[in-house]
Amino acid sequence: MGLNGLTIAVPRGALMGETLDLLDTLGVDTAEVRANDRRLLFGEVGIVTMRPSDVPTYVEAGAADLGITGKDVLAEQTEREVYELADLGYGRCVMVFATVAGDDPAAEALRRLGVMRIATKYPRIAAAYFERTGRQAEIVEVKGSVELAPLTGLADGIVDLTATGTTLKENGLVIREEITVATARLIANPVAHKLKAAEIDELLARIRDAA
Amino acid sequence: MIDPIPSGTRDVLPDEMREIRAITEKLRGVFDARGYGEVATPALEYESTLARGDAAAAEPAYRLFDEQGNVLVLRSDMTIPIARVVATRYATSAPPLRFCYFAHAYRSVRPQRGQAREMLQAGIELVGAPGPDGTIEAIELLCEVLDSVGLDSYRVGLGDASLYPALLDVLGVPAAARAPILNELVARDFVGLEREIEGLGLADEASDLLLRVPQLRGGPEVLELPSGPAADVVGRLKRLHERFSRDVAERIIFDLGLSRSLGYYTGAIFEVYDGALGVPLGGGGRYDDLLARFGRELPAAGWALNVERLHIALVGEGERGERWG
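From first to last, the protein sequence lines stand for chains A and B. Mind the numbering: the first sequence is residues 5 to 215 in the working numbering, read in order. Mind the numbering: the second sequence is residues -11 to 313 in the working numbering, read in order.
Only chain A is shown next, with the shape it has when bound in the complex:
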């Protein structure tokens, strides 16, 4: 039981609770992880915790055999050489295109200026989306509180991930388009996927049963 001797990168933040719940059902003792907010490495149970966007980096390098992170992170880092093994179903969020309520200022900018300025933490997803839908967009990358950008005139609209839409609403923004749905994914290092095939497959089967 447990992780079959494998190591797993666990995302801190919104996905952490359900990820630890899943690990519990697999027989991993996550009490220490839950009790300890500052410690990052829990070698005795094979868990290392980090920002969700760092999970593919550690797994690609083999610093962890497995990892759990959102599809939004993987879609933004498509060139990472990791196996995407399973859709874990939880952590459901929607990637949306939003602007301030009322007349759509992005459409207005596109019509009069030929290009709309879009603020986002996901520059590659946003650029690909507007390219795919045939609109010229100038992507402005910000690191946090994307909702601020259209309120201050930095951008005409935003592309961001939302679970409930509450933060958008509180900032007077409305969803104009839904781009894609993101859920938590299990990923694996390509070398571990071969060298520890039996351990990974057995764990994967138990994860599928638990889901």
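Be aware that one or more of the hints could be misleading.
Only pairs whose alpha carbons sit at most 20 angstroms apart, straight line, appear in this in silico SDA-like list of lysine to any residue [what the hints assert, rightly or not]:
no. : chain 1 : residue 1 : chain 2 : residue 2
1   : A       : K200      : B       : R200
2   : A       : K200      : B       : G207
3   : A       : K200      : B       : S141
Just so you know, these hints were derived from the structure itself, not from any lab. Since the model is a prediction, treat every value here as computed from it, not as a measurement.
Dock chain B against the given chain A, drawing on the hints supplied.
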């Protein structure tokens, strides 16, 4: 004053060079003993030459113009240059031809990823030796050189580039639907693969096979599972397995989902893994159509090891100072 060098490139100083040389000298010794003659080719080739071998091989390379306006590129591997050499300089020689090389290859990198723009490759090309004999010789030589440098716990993942296309053929998957499926496979995205396969509306059994086969990897027992549609290709892997020496057979992980990014592979493909490193140390395979594109119709197989990664794996395995240096 500090003059920077391009990201992904590096200077090699005597301490490191001594260790790299210790590795390459051992490899050279094995190549010599097995009759593989060392060749060197220019780092610059005409773009049209590389593109003839494989469109993807020419794409990410570094381009420049010569004095006449011809487009030159830095080679991204040694297989295509050696295919050119065989067709032009050995046009009438009787096969098989055996070559080895130690050469730098060039790839483009993503920023801030710690990827190498320039990498030292050591490899062989065995031209005019069809499978299974040629494949066995190439893989046994690969294991012999890895043993010679004292790499302890490596494994060779072995699959076949024609396996999945054959499966799609037999199950009657329309040509238009194949590109997205193969893309998910190359991207190693089994969630996406499942979505694409379900979209085909095949019978449950066929969908299950398409999804399950690329996830099969392990000992020879994985070759027992997918009977039926992929039988020819799996049979070919089985025959290889029966003929490997015991030491080599123990190193093999059969991997029915293995795919390699270069487009010229036609049959067996393989990659080298070591627990000390999260990325493959190298790989290769059969490319029975490539030489014909340069005017000599000869089957061929070859492989390349990334010498710097091999060095890291050796250090990681804790062999440093014991076996060399």
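Hints versus structure:
With a C-alpha separation of about 17 angstroms, the suggested pairing of K200 of chain A with R200 of chain B holds against the 20 angstroms cut-off. Pair hint K200 of chain A plus G207 of chain B holds up; C-alpha atoms about 12 angstroms apart against a cutoff of 20 angstroms. A distance of roughly 13 angstroms separates the Cα atoms of K200 of chain A and S141 of chain B; the hinted pair therefore holds under the 20 angstroms criterion.
In summary, the structure agrees with every hint in the numbered list given earlier.
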